[in-house]
Amino acid sequence: MKGRETLSNRFEDGVLALLPRLRRFASGLSRDPVDGDDLCQITIERALSRRESYEPGTRLDSWMYRIMRNLWIDEQRARQRRSQTFVSEEAGVAIGASGGQDAAVELNDVDRAMASLPDEQREAVLLVMVEGYSYREAAEIVGCPVGTLNSRLVRGRNALLAKLGETA
Amino acid sequence: MSVTPEELAAFADGELDPVRHAEIGRAVEADPDLARDVTAHRALRARLAAHYAPILDQPVPESLNAPLRCKDKVFSLTEHRKSRAVKRSVIPRWKWVAGPALAACLVLALIPLGSSPKDYAGQQIATALDDQLVATQPADAPVRVLLSFRDRSGAFCRAFTTAEQGGIACKDAQGWRLMEHLAGSTVQTEKYRQAGSVSDQLMARAQEVADGPALDATEEERAMAIRWKSSPSP
Chain A
1 MKGRETLSNR FEDGVLALLP RLRRFASGLS RDPVDGDDLC QITIERALSR
51 RESYEPGTRL DSWMYRIMRN LWIDEQRARQ RRSQTFVSEE AGVAIGASGG
101 QDAAVELNDV DRAMASLPDE QREAVLLVMV EGYSYREAAE IVGCPVGTLN
151 SRLVRGRNAL LAKLGETA
Chain B
169 MSVTPEELAA FADGELDPVR HAEIGRAVEA DPDLARDVTA HRALRARLAA
219 HYAPILDQPV PESLNAPLRC KDKVFSLTEH RKSRAVKRSV IPRWKWVAGP
269 ALAACLVLAL IPLGSSPKDY AGQQIATALD DQLVATQPAD APVRVLLSFR
319 DRSGAFCRAF TTAEQGGIAC KDAQGWRLME HLAGSTVQTE KYRQAGSVSD
369 QLMARAQEVA DGPALDATEE ERAMAIRWKS SPSP
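In the order they appear, the protein sequences are chains A and B. Numbering follows the numbering used here, with no gaps: position 71 of the first sequence is 71. Numbering follows the numbering used here, with no gaps: position 221 of the second sequence is 389.
To be clear, the hints were calculated from the coordinates, so they are not data collected in a lab. Hints are supplied without guarantee of correctness; some may be wrong.
Ranges between beta-carbon positions, derived for each pair [to be verified]:
no., chain 1, residue 1, chain 2, residue 2, range
1, B, L202, A, P145, 21 to 27 Å
2, A, R51, B, R320, 28 to 34 Å
3, A, P33, B, E197, 38 to 44 Å
4, B, A198, A, V146, 26 to 32 Å
5, B, D225, A, G147, 34 to 40 Å
6, B, S170, A, R46, 41 to 47 Å
We treat Cβ as the ideally placed atom computed from N, Cα and C, and that holds for glycine.
Chain B with its partners taken away, still in its complex shape:
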């Protein structure tokens, strides 16, 4: 039986289908030259693997790790800021985002209007947005509402934070649509408590999209009374 060099290599690598593998296995057993070649192939593989293995145990240079720790998330944020900065003045509180002291990986994903229903707040957040008032909510509420406002279409919007995330949601006919979503793998850690920063970002963002000032306690109560349904702006 003739065995091509390609087949012999594939045999040594275990790449043949079972039938052909068995055929060549018999040929190799019967032919010392083939057996020697198979041994050489396998020894070469082992030698190459051993030669390149030590690099796996070397520490990875920080220059390679660093770009993967946070930044690309921040890219989208800063790029977004840049595109807006032309039209609007920069709110100073955002500046820390681009600064070197960024300790946690915060993500601002701009969720587009008119996308899937998954872009609505889940039950727990929606309930809090429906029922909690900034003035009266418990200090340790799992979902904390930061403020309420109306956007330019007149819809009621509310900024909120939880232990892991934060966002801005605006009420429409279907529910609380998430307009902004901030999440961080380390929103809160022992050393760097980032929740405050998340709030700052959301507040700043709210100022950008709000049409007018945040609702005061009385206005919030009124809005809750009409289930946050937008009515023509006064």
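Bound-form chain A, shown alone:
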């Protein structure tokens, strides 16, 4: 039992300080700010319930991103299972975005281009190009080899460049 760790607020303070960045990552992952905050919410709850597995002195941000990312992937898998029997939600989003008018959220070019990427490419792009992690750090968060991260990143980037124009 690590009762003594609860004597300090450092863990909570650390997570509090990370919230703006966690919201940014969540919003990018889930392609929607509202869904992003839901993802943030369950990430915080999970982090608090698993705090014993956080090793003090290691990077809290990477630990939190990993939790968020894994929760997101779990959610996607659950969605995929549902969509095998129901109309694909992904297809619905894509149609709504291209149809334009009645989309609840105004998507701009970058949002649309990012939303079109497969999840594994989008998370690689977000971690490196938005969150500023090195390839190695991003690979650790995702739980894949650095080479895999690198190639997902390049595929994601090339797809973005193709959609957004070479001059970005």
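Dock chain B against the given chain A, drawing on the hints supplied.
Relative to chain A, chain B alone:
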């Protein structure tokens, strides 16, 4: 020299080792197509970063902040209470803990028996526990002893508070072992003076673990005279 797309991206991101970085740097200088790709990569990065940056400046919704302000500490406290409530009646003074009016983040950590020596009270607290009597201690003593009692093993235990923390310690052969430890980031603040609440919690907790009533002034004096060493209960 051939440059793979992965290497070019890694070059643009500054992810290559210095030797390879220099090699590709020369290739990029010599090849306008490569140079254009590197520029595009960097421009994309800047565009993405700018696109997602505004969210950093938005106020964080309270629903996300709130769970991090206090509660998980209180979780351990209330869970602990729940597990005990089955066996023991609830002491009313604890009820405020679960209430919405909780103004400060109080922590009750149950320190397990038989753990490391660090679980003993430090010098300042130990000295106070050794030498201060509830009846005669100065009102402004840095460590304030709230009461003394014997636990079920017959050991002498004392509840205390300081400006930042409070606890219950029981005397054994090595010193004052901390049985309970309460700390709060805001035990005392201008607006909410929480010291009283800490005392209430400790008193209530003491009632749970005590075997019999708190020591009176005479019993305390006697206990101090034998250096709080446990003797068979009378």
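A quick look at each hint next to the structure:
1. L202(B) x P145(A): 21 to 27 Å: At 26 Å between Cβs, range holds.
2. R51(A) x R320(B): 28 to 34 Å: The hinted range 28 to 34 Å holds for R51(A) and R320(B), with Cβ atoms some 32 Å apart.
3. P33(A) x E197(B): 38 to 44 Å: For E197(B) against P33(A), whose Cβ atoms are near 42 Å apart, the range 38 to 44 Å holds.
4. A198(B) x V146(A): 26 to 32 Å: holds, 28 Å
5. D225(B) x G147(A): 34 to 40 Å: Since the Cβ atoms of D225(B) and G147(A) sit about 36 Å apart, the hinted range of 34 to 40 Å holds.
6. S170(B) x R46(A): 41 to 47 Å: holds, 45 Å
Figure legend: structure checked against the earlier numbered hints; every hint is met.
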